[in-house]
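Asker: So the protein lines, in turn, are chains A and B.
Heads up, this note's numbering is the position in the first sequence plus 157, with the first residue counted as 1.
Heads up, this note's numbering is the position in the second sequence plus 14, with the first residue counted as 1.
Hints should not be assumed to be uniformly reliable.
[Said to hold, decoys possible] Label pairs and their in silico Cβ distance ranges:
1) ILE60(B) <-> ILE159(A): 29 to 35 Å
2) LEU30(B) <-> GLU291(A): 27 to 33 Å
3) LEU63(B) <-> ILE179(A): 48 to 54 Å
4) ILE60(B) <-> ALA161(A): 52 to 58 Å
5) ASN305(B) <-> SER181(A): 25 to 31 Å
6) VAL350(A) <-> MET37(B): 45 to 51 Å
7) VAL298(B) <-> ILE179(A): 29 to 35 Å
8) VAL46(B) <-> SER181(A): 32 to 38 Å
9) THR295(A) <-> MET37(B): 30 to 36 Å
10) ALA177(B) <-> PRO184(A): 35 to 41 Å
11) VAL176(A) <-> LEU204(B): 34 to 40 Å
12) GLY200(B) <-> ILE159(A): 34 to 40 Å
To be clear, the hints were calculated from the coordinates, so they are not data collected in a lab.
Even for Gly, the Cβ is constructed at its ideal location relative to N, Cα and C.
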Amino acid sequence: MIQAAAFYLFATIVIASGVMTIASRNPVHSVLWLILAFFNAAGLMLLLGAEFIAMLLVIVYVGAVAVLFLFVVMMLDVDFAEMRAGFAKYLPFGTLLAIVLLAEIVFAIAAWNAGSIATGVRAAPTNAAVPNIEALGTVLYTRYLYIFEGAGLVLLVAMIGAIVLTQRTRSGVRPQNVSAQVRRRPEDATRNVNQPVGQGVEL
Amino acid sequence: MGESLFFTLPEIVLTLGSLFLLMLAAFMGDRVSRLATWLAVGFFVIAALVTPEIIGRGGVGFDGLYIADSFAAFSKILIYIAAAAALVAATSWFARDGTFRTEYPVLILLSAVGMGMMVSAGDLLTLYVGLELLSLSSYVLASFQRRDVRSAEAGLKYFVLGALASGILLYGISLLYGFTGSTLFGQINLALGRDGVSTGELFGIVFVLAGIAFKVSAVPFHMWTPDVYEGAPTPVTAYFASAPKVAAMCLMARVAIEGMGPATFEWRQIVIFSALASTILGGVAAINQRNIKRLLAYSSINNVGFALIGLAAATREGIASVLFYMAVYVVMTIGSFLCVLRMRDETGRPVETIASLSGLSRTRPGLAAALAMFMFSLAGIPPLFGFWPKFLVFNAAVEADLTWLAAVGIATSVIGAYYYLKIIKTMYFDEPAPAFEPSRDRIEGVLIVLAALFISPLGYFSIPYIDAAAQNAAGALF
Chain A
158 MIQAAAFYLF ATIVIASGVM TIASRNPVHS VLWLILAFFN AAGLMLLLGA
208 EFIAMLLVIV YVGAVAVLFL FVVMMLDVDF AEMRAGFAKY LPFGTLLAIV
258 LLAEIVFAIA AWNAGSIATG VRAAPTNAAV PNIEALGTVL YTRYLYIFEG
308 AGLVLLVAMI GAIVLTQRTR SGVRPQNVSA QVRRRPEDAT RNVNQPVGQG
358 VEL
Chain B
15 MGESLFFTLP EIVLTLGSLF LLMLAAFMGD RVSRLATWLA VGFFVIAALV
65 TPEIIGRGGV GFDGLYIADS FAAFSKILIY IAAAAALVAA TSWFARDGTF
115 RTEYPVLILL SAVGMGMMVS AGDLLTLYVG LELLSLSSYV LASFQRRDVR
165 SAEAGLKYFV LGALASGILL YGISLLYGFT GSTLFGQINL ALGRDGVSTG
215 ELFGIVFVLA GIAFKVSAVP FHMWTPDVYE GAPTPVTAYF ASAPKVAAMC
265 LMARVAIEGM GPATFEWRQI VIFSALASTI LGGVAAINQR NIKRLLAYSS
315 INNVGFALIG LAAATREGIA SVLFYMAVYV VMTIGSFLCV LRMRDETGRP
365 VETIASLSGL SRTRPGLAAA LAMFMFSLAG IPPLFGFWPK FLVFNAAVEA
415 DLTWLAAVGI ATSVIGAYYY LKIIKTMYFD EPAPAFEPSR DRIEGVLIVL
465 AALFISPLGY FSIPYIDAAA QNAAGALF
């Protein structure tokens, strides 16, 4: 019973916050709504009994959202001073999100303790004796090895693409010349002088 | 595991080849881009030679994730030929602007790996990863000439719309997985056959087909095609119009037949709608185009519509006709784009307007004759080879009791013929425009002659061979 209630709660909030992410005009609000959506998606994963994926979702996406936040701030020319001044303005909104999240965490823990929901078991029966991470690792490197390597290639293409589209050779820069640095001997840079007493130093 | 890896030999060869070229690019820079291109062509030859079914028997690898059958072999050979041609066409084009970078062959190789994954997919996950590998390389290739505003715009547009299409596809995949309990094509087929098609499954089918239709640029999802084709560098456009189309079309055929066979009645409606809309819109919207690349983009939309008519038949003959159609389409398209690559004014700058083709028959009779042949063939006018696959497609539709579809298809091919003939009229009967700069590249010339020979009535001699291969390949799906 509590699982069903938790499912509908999470599902509703995921969709609602997804809509709000694209509907809100303020980019900062958008990002905050996105975080809420991710948290609720993690809650859904928890209900399915996929604890590892749930935690991964939170950890990875919180990191990603931090980067996204930076991008928003950099690219959309958001004024930092104005943002700081608006702290009081955002306070009720942020508090609201925090309360929702807190309530959800309580809910999720209660639901999780009651066991995962039946649909998850029907779609993908899992062995309860094998922990999540172990099960995931087993299929990732055996059955889905081919797709895993394919995903690796996708990332490689993304990297090549980023370099191809942005890297350029600028004139007038002074790049590090490693071989010249390594070739340099002490004699090139220093000299021993037997300084006579009473005379000035010749530099 | 060893046997599974053996099946993926072409992909392994291409991946290792691309990594080697990447090292070459990192240490030797852009000086070796020409060498890298020819090495990449060599890798394509090796990959084609080690394709399972060519060197021995095929089979199913990785517990059904990967299928190496004659269908995959046929499409892969076609894809490798098209990609190699696009590589060769690029050398002189990019070298003229001094923007030829060694990453170009690397990206083409990696996208070919993605296309190989697509046509060999036996699982929705393989399908998605392959499609994404192809798409991501395509986005980069579209904006390869990053100093050109139009190229950058093409890349961005393609990226945004492609991401949307990926989202739609993934949504469909998750629905199909949720309602059938598996991502394997075979299991989905069983689940659909067991208890009919539920609403959820129907939604999944619609979304998956929509996601793939974006890749083949079939009509409701064709919006990106003219803009991207116009903006991307011409050799890249030639590539987009050939190899990825084949891959996505073959993928669609495999998903539809192997994955959704029991739901044929449901997906056939979608395919028929898309086929008719593509042929009609591809024909009508091309009429007012002034840019030859845009016109060829609409021409590719039009041709995809005809190929979809063969898919709508959903029979072995239908799939064989789709494969035959794509084989001839690739040659015609690459031939036309090779002609477009030769369109440079006397200062050497590329021109793309149809008006600049006026009176080409008097200034460059050879080029005009070749382009005229490709246009006649794309229009499907009988003495040329482009007629035969159209005939096969309509024949398959008639045999599958879709006579009305074939009739409408024939009517729309007449609309399409109008703008192809208009180009020929411009070239042969209009007052000459300033002559193009004489082209020096011999390899391109040889490729044009080869393509023209294949398209000419001589091509009919190849019918027994291609037909046998296509029938054999289509048989693998049933």
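Asker: Determine for every hint whether it applies to the structure shown.
Answerer: Here is what the structure says about each hint:
no. : hint                                : in the structure
1   : ILE60(B) <-> ILE159(A): 29 to 35 Å  : violated (60 Å)
2   : LEU30(B) <-> GLU291(A): 27 to 33 Å  : holds (32 Å)
3   : LEU63(B) <-> ILE179(A): 48 to 54 Å  : holds (49 Å)
4   : ILE60(B) <-> ALA161(A): 52 to 58 Å  : holds (57 Å)
5   : ASN305(B) <-> SER181(A): 25 to 31 Å : violated (40 Å)
6   : VAL350(A) <-> MET37(B): 45 to 51 Å  : holds (49 Å)
7   : VAL298(B) <-> ILE179(A): 29 to 35 Å : holds (34 Å)
8   : VAL46(B) <-> SER181(A): 32 to 38 Å  : violated (50 Å)
9   : THR295(A) <-> MET37(B): 30 to 36 Å  : holds (33 Å)
10  : ALA177(B) <-> PRO184(A): 35 to 41 Å : violated (19 Å)
11  : VAL176(A) <-> LEU204(B): 34 to 40 Å : holds (37 Å)
12  : GLY200(B) <-> ILE159(A): 34 to 40 Å : holds (38 Å)
The structure does not agree with the numbered hints 1, 5, 8 and 10 stated previously, though it agrees with the rest.
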